[in-house]
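Trainee: Chains L and X, in that order, give the protein sequences. If you're matching positions, the first sequence starts at 1 in the working numbering and goes up one per residue. If you're matching positions, the second sequence starts at 1 in the working numbering and goes up one per residue.
One or more of the hints may lead you astray.
Simulated restraints on C-beta separations [what the hints assert, rightly or not]:
| hint | chain 1 | residue 1 | chain 2 | residue 2 | range |
| --- | --- | --- | --- | --- | --- |
| 1 | L | A215 | X | L199 | 51 to 57 Å |
| 2 | X | P223 | L | K18 | 56 to 62 Å |
| 3 | X | R35 | L | R323 | 46 to 52 Å |
| 4 | X | L28 | L | R323 | 42 to 48 Å |
| 5 | L | K18 | X | Q322 | 35 to 41 Å |
| 6 | L | Q216 | X | D79 | 52 to 58 Å |
| 7 | L | A290 | X | P173 | 42 to 48 Å |
| 8 | L | D231 | X | P206 | 58 to 64 Å |
| 9 | X | D79 | L | V324 | 50 to 56 Å |
| 10 | X | P173 | L | K18 | 39 to 45 Å |
| 11 | X | R128 | L | R325 | 49 to 55 Å |
| 12 | X | P173 | L | R31 | 54 to 60 Å |
| 13 | X | A294 | L | R31 | 26 to 32 Å |
| 14 | X | D219 | L | A200 | 27 to 33 Å |
Pulled from the structure, derived: some chain X residues nowhere near chain L, Cβ distances all over 10 Å [unchecked claim]:
| hint | residue |
| --- | --- |
| 15 | A124 |
| 16 | G158 |
| 17 | L163 |
| 18 | A305 |
To give an idea of the interface, some chain L residues facing chain X are shown, with a C-beta separation under 8 Å as derived from the structure [to be verified]:
| hint | residue |
| --- | --- |
| 19 | L163 |
| 20 | D233 |
| 21 | D235 |
| 22 | T238 |
| 23 | I257 |
The set of hints was computed from the structure by calculation and includes no laboratory data. Quick caveat, the model's predicted, so the values are computed rather than measured. Using N, Cα and C, we set each Cβ at its ideal position, and we do this for glycine too.
2 protein chains.
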Amino acid sequence: MAEVPAECVIGVDLGGTKAVAAAVDRELAMRHRARREILRQDLPTLLATLTALVDEVREGVRGEVEGVGFGIPCLIDQDRHLAASSVHLPIEGLAFADVMAERLGIPAFMDNDGNLALLAEHHAGAARGEQNAVMITLGTGVAGGIVIAGELYRGAQGAGAELGHMIVDADGPECGPGCPSRGCLEALCSGSALARDALAFARNAPDSRLGQALAQGRDINGPLVTELAFDGDPDAATLLTRLGEWLGIGLANVANIFNPDVVVVGGGVMAAGELILGPARRVLADRALALPAAHLRVTPARFGADAGVLGAALFARERLRQRVRA
Amino acid sequence: MAEVPAECVIGVDLGGTKAVAAAVDRELAMRHRARREILRQDLPTLLATLTALVDEVREGVRGEVEGVGFGIPCLIDQDRHLAASSVHLPIEGLAFADVMAERLGIPAFMDNDGNLALLAEHHAGAARGEQNAVMITLGTGVAGGIVIAGELYRGAQGAGAELGHMIVDADGPECGPGCPSRGCLEALCSGSALARDALAFARNAPDSRLGQALAQGRDINGPLVTELAFDGDPDAATLLTRLGEWLGIGLANVANIFNPDVVVVGGGVMAAGELILGPARRVLADRALALPAAHLRVTPARFGADAGVLGAALFARERLRQRVRA
């Protein structure tokens, strides 16, 4: 049976450590996937890696690709087409989408990864059809997305919705590179924060399972904590509970500020599921104003780790359609 | 010279301690003003006080009034026409606007006081013409307002924009009645918070000017602190600096979440002006992400204490126009 050309676009999700890409057809089916490690790559290496990644996916779908969207963990200055204040990638000040379009020979677009994850969830996932929706993505960092009146809200310059940099504990731990603050959600609820706290615990408690894992030379990171917690380790569970409680403070703020219909929680850290969302919902109920708290549905992302790729593809398709119209 | 009927509406601003009303004409001129104390009144007394207040203003403009708008320091459940979760007034669960319309015999409307203060500033004041604007009103409590794409944002049920209940210090001081949380902006930047901290200081430092004022039986409140600070008292100035620094944390969050063009700061506490805004701007610059912080203009309200009354009148006029259309 001959394959019909599917008018694919490619979505690319850049995280702090890896890039994932896929061709996505009009029915939102992902037709080819590929990934590359990008941790600590310098700019020339990163651009070469991403070019090779997109080319691999194009070949996988025999070149039938109309454009590519990039979701990047970065403030975007949409006025000037620049990646600004990137926390995890060496692309600060770069007209990233324009550079990639030039290299790839197809139209390329970029938006903040948190915005695009919510675009996917709002289009076809856990926030489908909602007028007022917020997404919090717990990955290496913490990304945010906001839908108001059914549309993504990006702020005056496209730099809004940085919910990960909402300060909830003014004297709390230092936030990540690129953020000058402390006690932001990202400093308390991210995979990096979980790894930091787990490592500190492991060093202080060498007889604990985390301490033993450290002594065995294992990498003390979020996935290990989640694995141990599901395996019944109370210390790992306590670390996840505490992370969930901080998320709950963030949810209380989101409820009071936005009175949204739904908050979608996604990202790799959400592999721990209800071990995080349970405490988060409890703190939300305890600390938000009663009316918006009762109205708010808190739900895991439908697309899990795929939300970024799907959202980036949807965004590219949206922008291509606007070009045709304009 | 005969006075032309001016198609006035009445705006009423309910604070925690007093209600102010005025008739407002189409040019936003306030044609008659009146006020009443409402502190700790029970519901029947409060409704009678407000009825007398509005009647006084109607008589002042010879009855030529099309409707009345109320700005109230309260979550509004716009779906059900109810005042919900009021922190400072005994109107929780009441169809407040409907009750007042019945008593007054003219159309009555209500919205959150923070929303309406921003409506006035956005229509003709410090946020005029901006697409993305936020207002923080520092009064007995802390109220908020949000303009997105040129329109007031109220959230799913009309309960959004409660920026005073954004938690910035998770283990901070208890918030006011009606809020179950602690370390909210209202618990740190309101007139009540300032009075609380000033009283604690006065008790601990009887030789200070605040301590002497306490010994003389003076009321230790926000206006006294501001007066002493302008008069050169370093302790009072320190209290205002600290309040301004907490406001700066709130502004950093607003910058990162909304990437707005302007934040307007109003309310009675802003009588201290740059004694508060100076430290607030410094903390904003230190703790927000660089791009939104550099874009953001922070400015005092134009209408000062009148913003609530003007906004309530504008809101009534807006709703009356919608009725005519419908």
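Trainee: Each hint: holds or not?
Mentor: Quick rundown of the hints versus the structure:
1. The hinted window of 51 to 57 Å between A215 (chain L) and L199 (chain X) holds, with their beta carbons roughly 54 Å apart.
2. Taking the beta carbon of each, P223 (chain X) and K18 (chain L) are about 57 Å apart, inside 56 to 62 Å as hinted.
3. For R35 (chain X) and R323 (chain L), the hinted distance range of 46 to 52 Å is not satisfied, since their beta carbons lie about 57 Å from each other.
4. For the pair L28 (chain X) and R323 (chain L), the beta carbons lie near 43 Å from each other, so the given range of 42 to 48 Å is met.
5. Between K18 (chain L) and Q322 (chain X), the C-beta spacing of about 51 Å breaks the proposed range 35 to 41 Å.
6. About 57 Å separates the C-beta atoms of Q216 (chain L) and D79 (chain X), a value consistent with the hinted range of 52 to 58 Å.
7. For the hinted restraint 42 to 48 Å between A290 (chain L) and P173 (chain X), the CB-CB distance of approximately 20 Å leaves it violated.
8. The hinted range of 58 to 64 Å is satisfied by D231 (chain L) and P206 (chain X), whose Cβ atoms lie roughly 60 Å apart.
9. Checked against the hint of 50 to 56 Å, the C-beta distance between D79 (chain X) and V324 (chain L) comes to roughly 39 Å, which is inconsistent with it.
10. Range check, P173 (chain X) to K18 (chain L): Cβ separation about 43 Å, and the 39 to 45 Å hint holds.
11. Our hint of 49 to 55 Å for R128 (chain X) and R325 (chain L) is violated, since their Cβ atoms are close to 32 Å apart.
12. For P173 (chain X) and R31 (chain L), the hinted distance range of 54 to 60 Å is satisfied, since their beta carbons lie about 55 Å from each other.
13. A C-beta distance of roughly 42 Å is found between A294 (chain X) and R31 (chain L), which places it outside the suggested range of 26 to 32 Å.
14. With their beta carbons about 48 Å apart, D219 (chain X) and A200 (chain L) fall outside the hinted range of 27 to 33 Å.
15. Non-interface call for A124 (chain X) relative to chain L: holds, since the shortest CB-CB distance, roughly 21 Å, exceeds 10 Å.
16. With a cut of 10 Å on Cβ distances, G158 (chain X) falls inside the contact zone with chain L, its closest approach being about 7 Å.
17. With 10 Å as the threshold on Cβ separation, the claim that L163 (chain X) sits away from chain L is violated: the shortest Cβ distance comes to roughly 6 Å.
18. Separation of A305 (chain X) from chain L is adequate, the least Cβ-Cβ distance of about 25 Å exceeding the 10 Å criterion.
19. Of the supplied interface hints, the one on L163 (chain L) holds, with its beta-carbon coming within about 6 Å of a beta-carbon of chain X, less than 8 Å.
20. A hinted interface residue such as D233 (chain L) counts as satisfied when its beta carbon comes closer than 8 Å to some beta carbon of chain X; here the least separation is about 26 Å, so the hint is violated.
21. Interface hint at D235 (chain L): violated, since its Cβ lies 22 Å from the closest Cβ of chain X, which is beyond the 8 Å cut-off.
22. Given the 8 Å rule on beta carbons, the hint for T238 (chain L) is violated: about 17 Å separates it from the nearest Cβ of chain X.
23. The beta carbon of I257 (chain L) is positioned within 8 Å of a beta carbon in chain X (closest approach about 6 Å), and the interface hint is therefore held.
Hints 3, 5, 7, 9, 11, 13, 14, 16, 17, 20, 21, 22 from the earlier list are contradicted by this structure; the remaining hints agree with it.
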